[in-house]
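Novice: Following the hints, put chain B in place on chain A, whose structure we already have.
Protein chains: 2
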Amino acid sequence: MMGYDYMHRVYNFSPGPAALPLPVLEQARDEFLDWQGNGMSVMEMGHRTASFEALAAQTEVDLRELLNIPSNYKVLFLSGGARVQFAMIPLNLLGDYGTADYVDTGIWAEIAIKEAQKYGRVNTVSLATWQTDPNAAYLHYTSNETIDGIQFHYIPETKAPLVCDMSSDILCQPIDVSRFGLIYASAQKNIGPAGLTVVIVRDDLLDRASKLTPTVFHYKTQAEKQSLYNTPPTYSWYLAGLVFQWLKKQGGLKAIAEINHRKAKKLYQAIDKSEFYHNPVQPDFRSIMNIPFTLKKPELDTLFLQEALQAGLANLKGHNLVGGMRASIYNAIPEEAVDALIAFMRDFETRYG
Amino acid sequence: MMGYDYMHRVYNFSPGPAALPLPVLEQARDEFLDWQGNGMSVMEMGHRTASFEALAAQTEVDLRELLNIPSNYKVLFLSGGARVQFAMIPLNLLGDYGTADYVDTGIWAEIAIKEAQKYGRVNTVSLATWQTDPNAAYLHYTSNETIDGIQFHYIPETKAPLVCDMSSDILCQPIDVSRFGLIYASAQKNIGPAGLTVVIVRDDLLDRASKLTPTVFHYKTQAEKQSLYNTPPTYSWYLAGLVFQWLKKQGGLKAIAEINHRKAKKLYQAIDKSEFYHNPVQPDFRSIMNIPFTLKKPELDTLFLQEALQAGLANLKGHNLVGGMRASIYNAIPEEAVDALIAFMRDFETRYG
Chain A
46 MMGYDYMHRV YNFSPGPAAL PLPVLEQARD EFLDWQGNGM SVMEMGHRTA SFEALAAQTE
106 VDLRELLNIP SNYKVLFLSG GARVQFAMIP LNLLGDYGTA DYVDTGIWAE IAIKEAQKYG
166 RVNTVSLATW QTDPNAAYLH YTSNETIDGI QFHYIPETKA PLVCDMSSDI LCQPIDVSRF
226 GLIYASAQKN IGPAGLTVVI VRDDLLDRAS KLTPTVFHYK TQAEKQSLYN TPPTYSWYLA
286 GLVFQWLKKQ GGLKAIAEIN HRKAKKLYQA IDKSEFYHNP VQPDFRSIMN IPFTLKKPEL
346 DTLFLQEALQ AGLANLKGHN LVGGMRASIY NAIPEEAVDA LIAFMRDFET RYG
Chain B
46 MMGYDYMHRV YNFSPGPAAL PLPVLEQARD EFLDWQGNGM SVMEMGHRTA SFEALAAQTE
106 VDLRELLNIP SNYKVLFLSG GARVQFAMIP LNLLGDYGTA DYVDTGIWAE IAIKEAQKYG
166 RVNTVSLATW QTDPNAAYLH YTSNETIDGI QFHYIPETKA PLVCDMSSDI LCQPIDVSRF
226 GLIYASAQKN IGPAGLTVVI VRDDLLDRAS KLTPTVFHYK TQAEKQSLYN TPPTYSWYLA
286 GLVFQWLKKQ GGLKAIAEIN HRKAKKLYQA IDKSEFYHNP VQPDFRSIMN IPFTLKKPEL
346 DTLFLQEALQ AGLANLKGHN LVGGMRASIY NAIPEEAVDA LIAFMRDFET RYG
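In order, the protein sequence lines correspond to chains A and B. Its first residue numbered 46, the first sequence is counted upward by one per residue in my numbering. Its first residue numbered 46, the second sequence is counted upward by one per residue in my numbering.
Do not take every clue at face value.
Note that the list lumps identical chains together, so a pair holds whenever it fits in one copy or between two copies.
[Unchecked claim] Taking lysine-lysine pairs in the DSS-like style, the calculated list, with each CA pair at most 27 Å apart, reads:
| id | residue 1 | residue 2 |
| --- | --- | --- |
| 1 | K159 | K270 |
| 2 | K256 | K159 |
| 3 | K159 | K294 |
| 4 | K163 | K265 |
| 5 | K256 | K270 |
| 6 | K311 | K341 |
By construction, these hints were calculated from the structure, which means they are not laboratory data. All of these numbers come straight from a predicted model, not from anything done at the bench.
Excised from the complex, chain A in its bound form (with noise of 0.2 Å):
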């Protein structure tokens, strides 16, 4: 509408910071001058403006509506990411518990145990035993793995407040937040960019925090103060709010997990049929948001990245530690992305495989 030249815009598969819709942008770059008429940026704006203010309480209001989040859960937008809170959560809530129960199903979670083990003992559970603590102050999950591409598909069963890290699958799909104590996401998959975290934490857990956390990141403090105790990262955080409103004109999170387990499923068919591409999650446990494969010849990777690239497909090389390919589809990836990713796919095995 701008006379833009959009020829330019890939499809981009990025594990995080990740794609945003592509309205979202369009919609933050035409107002990025002036925010309704107030005469400058967003970034510009005093977080304790009336303007401001009434946007981050909306923001609020629409994320409440999308995961149909209860009453007695308080929403927090902090800054940071979801590393901060490896720290932050133990020191607000192992209190005088003295021991958490972490579920090791990779990665991102022996990163989050290590954290934790600065501020409190950590029982490590395995998913093939499981076996907790029953003095747990609480257990931690990660319920998508990013990395390997393993994701959570039912929560699991505890006596402990469930603690979940869903940095790379939160609003990829309805959730029961009731059946949690706390979920925390940083914002750069699906929720906007880098920077910010959302924490959604039951009212009971708000005043375990040891007098040690950080002010800023005392879940209590900034309850009360409706996440503005601080200068929050006030542009990330609108930004969040119109990937927010983009969700609700989706249809929502059902609509969107429609399109997510769509995707996910095209490609996850296009890898299986094939015996060129590989990927080597059991089924019950595949990621619908990230999604890993090897090529039969490793030594065509390279030619794949390029080739890719120069057909608009960016950033699909698998994490330095299991390498080969990866796409991660978020919901801002839209079916077109994969449906192309899937014909070059199916176009370079052809050729080489």
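Specialist: Relative to chain A, chain B alone:
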């Protein structure tokens, strides 16, 4: 250039998040959907991609050049704002010392003191008596108090390493970085959007951290990883880079300092010459960034703000703790904005004084 209606832009005297230079905003808007032919927004780009790493490195180079940062200092780009550092500075620097000196300059210093007391002993130093602890790990001061409008125009002499919160006056004029152990500044005044903090730290202070320091805020870890240990607030980092380039185009800090001193001098003169406006700060400590002033008839405060806004002069309300008015005139505020404010103040005084 894109048919955007600039008539709506106001002069924005917000204390922070604050105005950004218009050319920076225009460039960011123009490349919002496609940064340098990558086919995506900077905010959609992985932080470990070659493109982002080059941007990040260039941003550091530009900041080093602007501030003439010696090579034995590391520059970190961390998430969160100054309040996060209020906790992270004692965690990283107290080490076995146990005590730190904190100069009590005003409201922000007091918040920093309260947070530091969670992690060790604080010896509060008053400007009048200047009684420091001979064994202090460091001496902390706030170079500019946004609420009180107080600024240090000299660098204190200390035995302990000097730690300075420069959130609201970094880059406003040249400083001798070599006099400091550590300088930190949240972005939302003179650097970029909220959610980013710059930390400039001397090498010998990197390895004193308490084991309780969250890894993402551990200076040594982040220094070793070029601040990419975790996903940083990439978009704010990019905008900081554009601001640094803009500053270089203005002629660097010497040139911007001349403008800043001229802007402040004009406004203080207008206040001092008038019988209607008043600034209570001693001339030697007056801030060139934040200029609070009161009206002789405080019952006219609301009218003053309303008429100012109608004249395109926004966010002049003083902080609730001190009342009255405040003009924050950071680097991005052009001299014309100060001229317009002074003209408005004179006119208002003529009509109501």
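Novice: Each of the hints needs a verdict: does it hold here or not?
Specialist: Right, here's what the structure says about each hint:
Proximity of K159 and K270 under a CA criterion of 27 Å is satisfied inter-copy only: 18 Å between copies versus 31 Å inside one chain copy. Both within a single protomer and between protomers do K256 and K159 lie at most 27 Å apart by alpha-carbon distance, with minima of 21 Å and 12 Å respectively. Taking the shortest alpha-carbon separations for K159 and K294, neither the intra-copy value of 40 Å nor the inter-copy value of 45 Å comes in at or below 27 Å. When the C-alpha separation of K163 and K265 is checked against a cutoff of 27 Å, the pair qualifies both within a copy, at 22 Å, and between copies, at 17 Å.
Taking identical chains as interchangeable, the C-alpha atoms of K256 and K270 lie at most 27 Å apart only when both belong to the same chain, with a minimum of 19 Å there against 30 Å between chains. Taking the shortest Cα distances, K311 and K341 sit within 27 Å of each other inside one copy (20 Å), while across copies they are farther apart (72 Å).
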